[in-house]
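Quick note, the sequence shown lines up with residues 89 to 232 if you use our numbering.
Hints in this document: simulated from the structure, not taken from any laboratory. Using N, Cα and C, we set each Cβ at its ideal position, and we do this for glycine too. Mixed in with the good hints there might be a few duds.
Using C-beta positions, here's what the derived DEER-type ranges look like [stated by the list, open to error]: (1) E180 to W224: 32 to 38 Å; (2) K223 to T106: 19 to 25 Å; (3) R183 to I143: 35 to 41 Å; (4) N226 to R185: 17 to 23 Å.
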Amino acid sequence: MNIFTIGFTKRSAEDFFTTLKNSEAQRVVDVRLNNSSQLAGFSKRDDLRFFLKTICGIEYAHLPELSPTQELLDAYKSKTTSWEKYEQQFLELMRERKIEEVVAREVLANGCLLCSETTADKCHRRLVAEYLLQKWGNIEIVHL
Numbered sequence: 089m090n091i092f093t094i095g096f097t098k099r100s101a102e103d104f105f106t107t108l109k110n111s112e113a114q115r116v117v118d119v120r121l122n123n124s125s126q127l128a129g130f131s132k133r134d135d136l137r138f139f140l141k142t143i144c145g146i147e148y149a150h151l152p153e154l155s156p157t158q159e160l161l162d163a164y165k166s167k168t169t170s171w172e173k174y175e176q177q178f179l180e181l182m183r184e185r186k187i188e189e190v191v192a193r194e195v196l197a198n199g200c201l202l203c204s205e206t207t208a209d210k211c212h213r214r215l216v217a218e219y220l221l222q223k224w225g226n227i228e229i230v231h232l
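With the hints as constraints, model all of the structure from the sequences given.
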């Protein structure tokens, strides 16, 4: 099974939707805590659902259980928490939430984890995909 990941920051709508359309992703799984902000532009929850279906023929799902808590996110964004500490705390949060039991594999099979970060290196979407690889095995992670 493939799990794709993508961020929308610093991407044009054309690049974002073309990349998704050309991938094998069957649905976008939104793992953002805040997905309806005006700052989200074309990736604002309701607009994104429409664009994905209309432009790409791709489904949309929002799984907030794969998002950090507001406190954890705020601490990292304000730089009061390092990436290393954030990563450790987010991994613990996923363990506590037992996401490998709560999230159906069918939802993530050929799904694309979406968040705002430009690249996956310091992004929780990568942590989610790698955590599930450890728990479920037989996953190929593809960063778009």
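Right, here's what the structure says about each hint:
1. For the hinted restraint 32 to 38 Å between E180 and W224, the CB-CB distance of approximately 19 Å leaves it violated.
2. The hint said 19 to 25 Å for the Cβ distance between K223 and T106, and at roughly 32 Å that hint is violated.
3. Checked against the given bound of 35 to 41 Å, the beta carbons of R183 and I143, roughly 36 Å apart, stay inside it.
4. A hinted range of 17 to 23 Å holds for the C-beta pair N226 and R185, which are about 22 Å apart.
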